[in-house]
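Visitor: Listed here are the chains, written in short residue letters.
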Amino acid sequence: MGRRFRLLPYLLVAPTLLFVLAFTLFPLARVLVGSLFKHRLNVPRYQVPVFAGLGNFSSLFQDPEFLQVLANTGLYVLILIPLLLACSFLLALLLDGQLRGLAFFRLAVFHPTVLPMVSAATIWLFFFTPGYGLWNQALRLFGYSGPQNWTGNPSLALGALVLVAFWKNVGFLMLFFLAGLQTMDRQVIEAARLDGAGGLRLVLGMVLPLIRRQSLFVTTVAFIGAFQTVDHVFVLTQGGPSETSALLLYYLWQLRFERLDLGRANAVTVIMILALLAFTIANFRVSERHEK
Amino acid sequence: MRSRTPRLLRYLFLGLLAALMLTPLFWALAASLRPAEIPFASGNVFFAPALSLGNYAKALSLAPFGTYYANTILQVAAIIASQLLFSSLAAFALARYRFAGDRIIFTIILMQMMIPTAALLVPNFATIRLLGLYDSIPGIALPFFGSAFATFLLRQSFLSLPRDLGDAAAIDGCRWDQELFHIYLPTARAALASIVLSSLSFHWNDFLWPLVITQSDRARPLTAGLIRFTQMGEIGAQWGLLSAATMIVTLPLFVAFLVFQRQFVQGYLSSGIK
Chain A
26 MGRRFRLLPY LLVAPTLLFV LAFTLFPLAR VLVGSLFKHR LNVPRYQVPV
76 FAGLGNFSSL FQDPEFLQVL ANTGLYVLIL IPLLLACSFL LALLLDGQLR
126 GLAFFRLAVF HPTVLPMVSA ATIWLFFFTP GYGLWNQALR LFGYSGPQNW
176 TGNPSLALGA LVLVAFWKNV GFLMLFFLAG LQTMDRQVIE AARLDGAGGL
226 RLVLGMVLPL IRRQSLFVTT VAFIGAFQTV DHVFVLTQGG PSETSALLLY
276 YLWQLRFERL DLGRANAVTV IMILALLAFT IANFRVSERH EK
Chain B
69 MRSRTPRLLR YLFLGLLAAL MLTPLFWALA ASLRPAEIPF ASGNVFFAPA
119 LSLGNYAKAL SLAPFGTYYA NTILQVAAII ASQLLFSSLA AFALARYRFA
169 GDRIIFTIIL MQMMIPTAAL LVPNFATIRL LGLYDSIPGI ALPFFGSAFA
219 TFLLRQSFLS LPRDLGDAAA IDGCRWDQEL FHIYLPTARA ALASIVLSSL
269 SFHWNDFLWP LVITQSDRAR PLTAGLIRFT QMGEIGAQWG LLSAATMIVT
319 LPLFVAFLVF QRQFVQGYLS SGIK
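Protein sequence lines, in the order shown, are assigned to chains A and B.
Under this note's numbering, read the first sequence as residues 26 to 317, first letter to last.
Under this note's numbering, read the second sequence as residues 69 to 342, first letter to last.
Please keep in mind that the hints were generated in silico from the structure rather than gathered at the bench.
Certain hints may be false.
Said to hold, decoys possible - Now the in silico label distances, taken between C-beta atoms and shown as ranges:
hint, chain 1, residue 1, chain 2, residue 2, range
1, B, ALA118, A, ILE306, 33 to 43 Å
2, B, GLY134, A, PHE309, 41 to 51 Å
3, B, GLN224, A, PHE304, 42 to 52 Å
4, A, ARG226, B, PRO117, 46 to 56 Å
5, B, LEU142, A, GLU283, 24 to 34 Å
6, A, PHE309, B, MET300, 44 to 54 Å
7, A, LEU299, B, PRO117, 50 to 60 Å
8, A, LEU100, B, GLN299, 22 to 32 Å
9, B, LEU85, A, LEU79, 42 to 52 Å
10, B, GLN224, A, ILE306, 45 to 55 Å
11, A, PHE304, B, SER228, 40 to 50 Å
12, B, ALA104, A, LEU229, 50 to 60 Å
13, B, PRO103, A, GLU215, 54 to 64 Å
To be verified - Pulled a few chain A residues facing chain B out of the computed Cβ check, cut under 8 Å:
hint, residue
14, LEU37
15, PRO40
16, LEU42
17, VAL45
18, THR49
19, LEU50
20, ARG55
21, LEU66
22, ILE148
23, LEU241
24, ALA290
None of these values were measured; they are calculated from a predicted model.
We put the CB at the ideal spot given by N, CA and C, even for glycine.
Next up, chain A with everything else stripped away, as it sits in the complex (with noise of 0.2 Å):
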């Protein structure tokens, strides 16, 4: 069918093609340059991009601040994630089947999916609160009367910032689970529990690998989420005290909005879509291999 030229085509594709150009391709490219200028708005000898080569990464990777920020960023995925993976998981496997009421549980679970990630910590603001916050009248139920200002104390707004993730995504990505283990071949379930395989030996055994798939997916999708949302860290600790709860998307909007370091701000950016570009190709690995 048609040797001949057809306009049709490209002019269908065009609109799509020119957004994700110009608010993609090109953005990309625009950071790659800037990164290697020193621009800053708001020193007189840098208003006008001054070529630096690396030199935006080398004084980044120097400046004790910057790492802190890649620390925080760091221990807050790799506490979170595994602890969402773990926990969807085991609810998934608790809220699936037939059991009355089990929508009712279902929803309690999700239900902060549906909240603005801002809605959600402004709610938990309250819960963080000195005096008469509620997580601390919990923790005092336990004899628990330890540090009371949360977002407050350097060795703890990180940990109100997981915990608040936690609870807006445990549900979101037990929906996952939950999808995989109702299309999963019940039958392969009734066989292997009829061969004697039972409780958390059927559960390792059989459901975890059947759903592994389901599994790197999910991951994919804590991971991108954690680094794309911050909404939480604007709402409850401003990335203080000290910076010691910034992450890094916020630590990016501090450069460019409050710092006005553009040059920065495009380094940290070629930064950050490596660190993603990395995980999603090495995660793409891990899946292959499974697959095979």
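Once you've looked at the hints, dock chain B against the given chain A.
Guide: Just chain B now, with coordinates in the frame of chain A:
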């Protein structure tokens, strides 16, 4: 009868879990209805001796939540409408025709799925400013008009139709737009629904981009409006007021969720692919 005790235990555990998960929302609802005169430090944090809508009235008088709603709806509608239209066109071209460069074009479009737009905040901010769209609804929506996710999903769906069908229609004198709208799109209902629902939940809740690209209530959506409200000087630690504002922003969508649970859940399942 052997299974009775485990079942009871399971219910007990599920009940505890549900109570823990529901506490924040329940508290916020209770707090928003607590009369302003009764401080939280006195008595029960959950149950005040009286209920009042005073916090809601005050919150509504302090910030234009109606405008925020209108802005959010306009912005989300603009994004969904253009994604549906542009992605249908692109997916149709990529599924129906073979043309020079089609693979490269598809690969370029797919790159958007690898790099979240949130990461490109800084350069996109500059572009929108350059276009003179800072602090406007088109400025918030424009970067999302082209969607790799929607194009991908629709192309997959279109590919399930045999090419012969389109060819036969073309021989019968069917124009391309008739083919797209009468043959292809009607078979892609599931994909279209996924696109609408996942876009709705993503952009309704999106925060950072609308925050940086707006500076006045003219264009500010609900999420950016709420954070501005929480940071207003006179609000301080007035939890009742804060909770009322949070509920104003949250409840309508939440009620819609309760009504259309099944559709929402489907939407969330497909949004994960993004």
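Visitor: Where does the structure disagree with the numbered hints, that is, which hint numbers, in rising order?
Guide: 1, 3, 10, 11, 21 and 23
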